[in-house]
Amino acid sequence: MKEAGQSFSVSRLIEEVSRLSGGRLASEAKAGAGSCGVEGFAPLEEAQPRHIAFVAGPKALKAAAASKAGVLVLREEEARAGGEAFAARPLVLTANPYAWFAWASQAMEGGILPPPEAGIRPGAFVDPSAQVDPSARVEAGAVVEAGAKIGPRAWIGAGAYVGEKAEIGESARLYPRALVGSRCRIGARTILNMGCAIGGDGFGFAPFGGEWVKIPQVGAVTVGCDVEIGANTTIDRGALDDTVIGDGTKIDNQVQIGHNCRIGRHCVICGCVGIAGSTTVGDHCVLGGAAMINGHISIPAGSMVGPATPVMSWGEKPEVMTGIFPSQPHKDWERTAVMIRRLPQMRQSLKTLARDVEQLKSGQAR
Amino acid sequence: MKEAGQSFSVSRLIEEVSRLSGGRLASEAKAGAGSCGVEGFAPLEEAQPRHIAFVAGPKALKAAAASKAGVLVLREEEARAGGEAFAARPLVLTANPYAWFAWASQAMEGGILPPPEAGIRPGAFVDPSAQVDPSARVEAGAVVEAGAKIGPRAWIGAGAYVGEKAEIGESARLYPRALVGSRCRIGARTILNMGCAIGGDGFGFAPFGGEWVKIPQVGAVTVGCDVEIGANTTIDRGALDDTVIGDGTKIDNQVQIGHNCRIGRHCVICGCVGIAGSTTVGDHCVLGGAAMINGHISIPAGSMVGPATPVMSWGEKPEVMTGIFPSQPHKDWERTAVMIRRLPQMRQSLKTLARDVEQLKSGQAR
Amino acid sequence: MKEAGQSFSVSRLIEEVSRLSGGRLASEAKAGAGSCGVEGFAPLEEAQPRHIAFVAGPKALKAAAASKAGVLVLREEEARAGGEAFAARPLVLTANPYAWFAWASQAMEGGILPPPEAGIRPGAFVDPSAQVDPSARVEAGAVVEAGAKIGPRAWIGAGAYVGEKAEIGESARLYPRALVGSRCRIGARTILNMGCAIGGDGFGFAPFGGEWVKIPQVGAVTVGCDVEIGANTTIDRGALDDTVIGDGTKIDNQVQIGHNCRIGRHCVICGCVGIAGSTTVGDHCVLGGAAMINGHISIPAGSMVGPATPVMSWGEKPEVMTGIFPSQPHKDWERTAVMIRRLPQMRQSLKTLARDVEQLKSGQAR
Chain A
-1 MKEAGQSFSV SRLIEEVSRL SGGRLASEAK AGAGSCGVEG FAPLEEAQPR
49 HIAFVAGPKA LKAAAASKAG VLVLREEEAR AGGEAFAARP LVLTANPYAW
99 FAWASQAMEG GILPPPEAGI RPGAFVDPSA QVDPSARVEA GAVVEAGAKI
149 GPRAWIGAGA YVGEKAEIGE SARLYPRALV GSRCRIGART ILNMGCAIGG
199 DGFGFAPFGG EWVKIPQVGA VTVGCDVEIG ANTTIDRGAL DDTVIGDGTK
249 IDNQVQIGHN CRIGRHCVIC GCVGIAGSTT VGDHCVLGGA AMINGHISIP
299 AGSMVGPATP VMSWGEKPEV MTGIFPSQPH KDWERTAVMI RRLPQMRQSL
349 KTLARDVEQL KSGQAR
Chain B
-1 MKEAGQSFSV SRLIEEVSRL SGGRLASEAK AGAGSCGVEG FAPLEEAQPR
49 HIAFVAGPKA LKAAAASKAG VLVLREEEAR AGGEAFAARP LVLTANPYAW
99 FAWASQAMEG GILPPPEAGI RPGAFVDPSA QVDPSARVEA GAVVEAGAKI
149 GPRAWIGAGA YVGEKAEIGE SARLYPRALV GSRCRIGART ILNMGCAIGG
199 DGFGFAPFGG EWVKIPQVGA VTVGCDVEIG ANTTIDRGAL DDTVIGDGTK
249 IDNQVQIGHN CRIGRHCVIC GCVGIAGSTT VGDHCVLGGA AMINGHISIP
299 AGSMVGPATP VMSWGEKPEV MTGIFPSQPH KDWERTAVMI RRLPQMRQSL
349 KTLARDVEQL KSGQAR
Chain C
-1 MKEAGQSFSV SRLIEEVSRL SGGRLASEAK AGAGSCGVEG FAPLEEAQPR
49 HIAFVAGPKA LKAAAASKAG VLVLREEEAR AGGEAFAARP LVLTANPYAW
99 FAWASQAMEG GILPPPEAGI RPGAFVDPSA QVDPSARVEA GAVVEAGAKI
149 GPRAWIGAGA YVGEKAEIGE SARLYPRALV GSRCRIGART ILNMGCAIGG
199 DGFGFAPFGG EWVKIPQVGA VTVGCDVEIG ANTTIDRGAL DDTVIGDGTK
249 IDNQVQIGHN CRIGRHCVIC GCVGIAGSTT VGDHCVLGGA AMINGHISIP
299 AGSMVGPATP VMSWGEKPEV MTGIFPSQPH KDWERTAVMI RRLPQMRQSL
349 KTLARDVEQL KSGQAR
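Line by line, the protein sequences give chains A, B and C.
First residue of the first sequence? That's -1 in the working numbering, and the numbers climb one at a time after it.
First residue of the second sequence? That's -1 in the working numbering, and the numbers climb one at a time after it.
First residue of the third sequence? That's -1 in the working numbering, and the numbers climb one at a time after it.
Any given hint might turn out to be false.
Since the list gives no way to pick out one identical chain from another, each pair is judged satisfied if it fits inside one copy or across any two copies.
To be verified - Straight-line alpha carbon distances no greater than 30 Å define the calculated DSSO-like cross-link-like pairs of lysine-lysine that follow:
1. K315 to K163
2. K349 to K28
3. K57 to K28
4. K349 to K359
5. K57 to K315
6. K315 to K359
7. K315 to K60
8. K60 to K163
9. K329 to K28
10. K163 to K329
11. K57 to K329
12. K66 to K359
13. K359 to K60
14. K147 to K28
15. K329 to K147
16. K28 to K359
17. K66 to K147
18. K57 to K163
19. K66 to K28
20. K315 to K329
Don't read these hints as lab results, they were simulated from the structure.
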């Protein structure tokens, strides 16, 4: 956990949230909140007077009333609903307390990606033909190959790798051991977490006489701006064209994205998801953890896939799709598993019975 | 995507495919194709006159007829079936257009693994007792430990790791940050993609008084020739004996193979597959993406496992096994999930009804 | 596989097992076993006279009787049950042969984590403000950042990374390319396998106007003592508080643990498991391979989750939970999958039939 320390003025945070959100999220200090100073955010239950805490919604109002937080961030209607409990407390009122928290936290951290101290550290290996912006930073053990370009204020972490002719955008950040293969392009402000591998060879082989002939993967990977890619996630380069990740999409750890996939903008892809090759995912889709997506399919914009759900095909419309086997105590599951294998039999018995019952009915009717 | 540029003669490609396939795949130029020059492959729909495109099968004939590709690669019977549309076009005829494409692509890339410029680059750390063939290349940040052997024309990528007494075969390639633990052996022409880890400790612990006692893993990993291992894939070393991967087997990204597994030759293991320890997979098996294979079982040669399929046991015969929960719109799934838990009850109701119906029938008969 | 070589005295092994188990596991030599020398362990079937082999339980007695092993390790009651076959053989008797094997193997390897040759190797990058104990070792290509602390006899492998103010405990081992982010703490004797990433950013974003606002992750990861973490496993840092892994817990390869999880002590988490954020797992739980655990839930101490089982919620009590779709030959599965989607319909037919049968019964009764 972070050490306590520096104090932040709440009125300064209000200004910064407005600035960071491009003026889209307004907020207002009440009951003296503007003149308060805070050291950081904390959950409602753990917050002390030196903390600021946000109220996630009506369900959190009781915890909010009991919280020791110095300042609370909540919606006006919730402050009103709380009545007495919030009348004299230092408050920040805003339409979206959770987003407010996100931006205010960024402000406290000095920006989501504070510009690094510029320079190439000893122990970094930069090919003479690479172009590293003078405001960028390259850490020890990092390797930047021939013809690569590193943009302004980009940060290439310890042991990270930027392949031949790869391009890293302005203010992008590669955490330690992040890997970007040759000719791949990473957009501005994009974050590659530790150990992710962008631009490995796509998995393409032609069968021939019982063996597999490798198809060279000559495409690359194009990652948009403001993307985040999780630790040890892998995104393969395309066979002929590029694999593409759209602007603003957030990808968690241990995700695998196959060659020639096209992922839209502002998607959320949770941990352990696998997407086989040549699949298209539209804008604003959310894929739950460990969802498994077949290759060569198209998921329309705005769709959601539940966690641990296998998706083999998709219709035309956006949907919320789920396919989780309901887990049970092991003994119950043993019975269930047997039943599942007998379902066709059960169906048959049901049909036979229905026919018998029809005959019985007509027998009685006679 | 790759830049356009260099032109390749189609008759040269025909020669190269014959050579690379060991003469097993013949091809023939028609309607002037032999004298054409092409810059590269492209999908039928995107191809321009400077491209060559292959026709994957009868279903692609319509797209092929409409394609602007300068040269088409297809089967003789398909060219005939297409009639008019292909009569005067530059064609390459071959029994297996997909494999032709694979080998011709390799030829265009200068071979699947063109021999690297020899030498140990500045910033590589090679123990004095390691044997590095003079024709091999070791990149910056790579570490080669004591007693390791690097074969002719092998390429040890930036930041890759070759442990004590490990052996890397002729023309093998370790992409950046690929890891090969001590005493592991990698065969000739095998490709280890970025960030894969061969030879981590197997997961072996003896329970004792509520705690877990580590069993040292003193085996290693033996990887055959012409194998490909995907980015961030992990293969553990054996407890006593070695974990073994057979010749020609292709393994995708994010795969986990437990200690003491024995994987056969020419298998395909798709992304996100997990194989628990001590399992044997026969030759020519295909495991679909995210399949989950239990430990201590044996899958016969020639078997297939569907994507996202859990395999807990296997009989004697090769099979195509599937176990995917069919995903549905969330509301439908909620109903289905309830039903699955009630299956034993349903079965019971069915039996009761059947008995009642029998009684009713004998009642009417009376 | 390990080369043969050094011989170990069985009486010395008996002493060492007693010492390593803290005197909790006694063992006794019979029929001259104490004066035997052995070169290593081998499975019963492969063992030669120079090997020692353990008998896992009554089922292994037949193989044990036929084994060529020079010395057998087994329980007294099993030796007795075996009768003749074991009467004159050199034996080690102990209450827990498997744990005996684990500790004796450790003794043969010179301890589970033999203290490394101290020193910072050429090619390691250690910030001048980092504190590296003089008995620790830092390998080539490793990076230790400002303010980090490396404890006595700790071993920082080739290309491993220790972030700013991170702390590595006494005798801990980081295998090559293991990554420990800033401010994370790793306990004594804990093993981080190749390529694991501890302390990547948690996956936290606030939705705002169709986009996702990053929530800075200011917590860290606290890993206890005697923990083992597998190759390419990822454990994210907490949003506000730390993610916590309890003492003695063993985690396999390719596991993903989300931010703010609290994993108890002496758990076993098998390969490919995913645990979403803010979930609590009690002490002594076992999670089978590829189990997928939802976020914000609590799994009581002593619970077990089957392999490939999705867990969306949990009651109050410890349970053995399973949720595996039973796999079948593909054609059978196709029928089953159709049935599963029709379950609500089947249920309805069953109800209709039951009502009809009731009516028929009352009709006959009349």
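Each hint tested on the structure:
When the C-alpha separation of K315 and K163 is checked against a cutoff of 30 Å, the pair qualifies neither within a copy, at 40 Å, nor between copies, at 50 Å. Taking CA atoms no more than 30 Å apart as the test, K349 paired with K28 passes in neither setting, with 69 Å inside one copy and 60 Å between copies. In this assembly of identical chains, the alpha carbons of K57 and K28 lie at most 30 Å apart only when taken from the same copy (22 Å versus 68 Å across copies). Both within a single protomer and between protomers do K349 and K359 lie at most 30 Å apart by alpha-carbon distance, with minima of 15 Å and 16 Å respectively.
For the identical chains of this complex, K57 and K315 are inter-copy neighbours only, at 26 Å across copies versus 33 Å inside a copy, given an alpha-carbon limit of 30 Å. Proximity of K315 and K359 under a CA criterion of 30 Å is satisfied in neither setting, with 44 Å inside one chain copy and 48 Å between copies. In the homo-oligomer, the alpha carbons of K315 and K60 lie at most 30 Å apart only across protomers (27 Å), although the nearest pairing inside one protomer, at 40 Å, exceeds that limit. In the homo-oligomer, the alpha carbons of K60 and K163 never lie at most 30 Å apart, since the shortest distance is 56 Å inside one protomer and 38 Å across protomers.
In this homomeric assembly, K329 and K28 never come within 30 Å of each other (Cα to Cα): the closest approach is 57 Å inside a single copy and 43 Å across copies. For the homomeric pair K163 and K329, neither the shortest alpha-carbon distance inside one copy (57 Å) nor that between copies (49 Å) is at most 30 Å. In the homo-oligomer, the alpha carbons of K57 and K329 lie at most 30 Å apart only across protomers (25 Å), although the nearest pairing inside one protomer, at 37 Å, exceeds that limit. For the identical chains of this complex, K66 and K359 are neighbours neither inside a copy (72 Å) nor across copies (68 Å), given an alpha-carbon limit of 30 Å.
Taking CA atoms no more than 30 Å apart as the test, K359 paired with K60 passes in neither setting, with 61 Å inside one copy and 57 Å between copies. Taking the closest pair of Cα atoms, K147 and K28 never come within 30 Å of each other, the shortest separation being 48 Å inside a single copy and 45 Å across copies. Within a single copy, K329 and K147 get their C-alpha atoms no closer than 59 Å, and across copies no closer than 49 Å, so neither meets the 30 Å cut-off. Taking CA atoms no more than 30 Å apart as the test, K28 paired with K359 passes in neither setting, with 75 Å inside one copy and 73 Å between copies.
When the C-alpha separation of K66 and K147 is checked against a cutoff of 30 Å, the pair qualifies neither within a copy, at 50 Å, nor between copies, at 35 Å. With identical chains, the CA atoms of K57 and K163 are never at most 30 Å apart, being 52 Å at best within one copy and 38 Å at best between copies. For the homomeric pair K66 and K28, the shortest alpha-carbon distance inside one copy (17 Å) is at most 30 Å, but the shortest distance between copies (68 Å) is not. With identical chains, the CA atoms of K315 and K329 are at most 30 Å apart between copies only, with a shortest distance of 15 Å across copies and 39 Å within one.
Of the hints listed earlier, those the structure fails to meet are numbers 1, 2, 6, 8, 9, 10, 12, 13, 14, 15, 16, 17, 18, in rising order.
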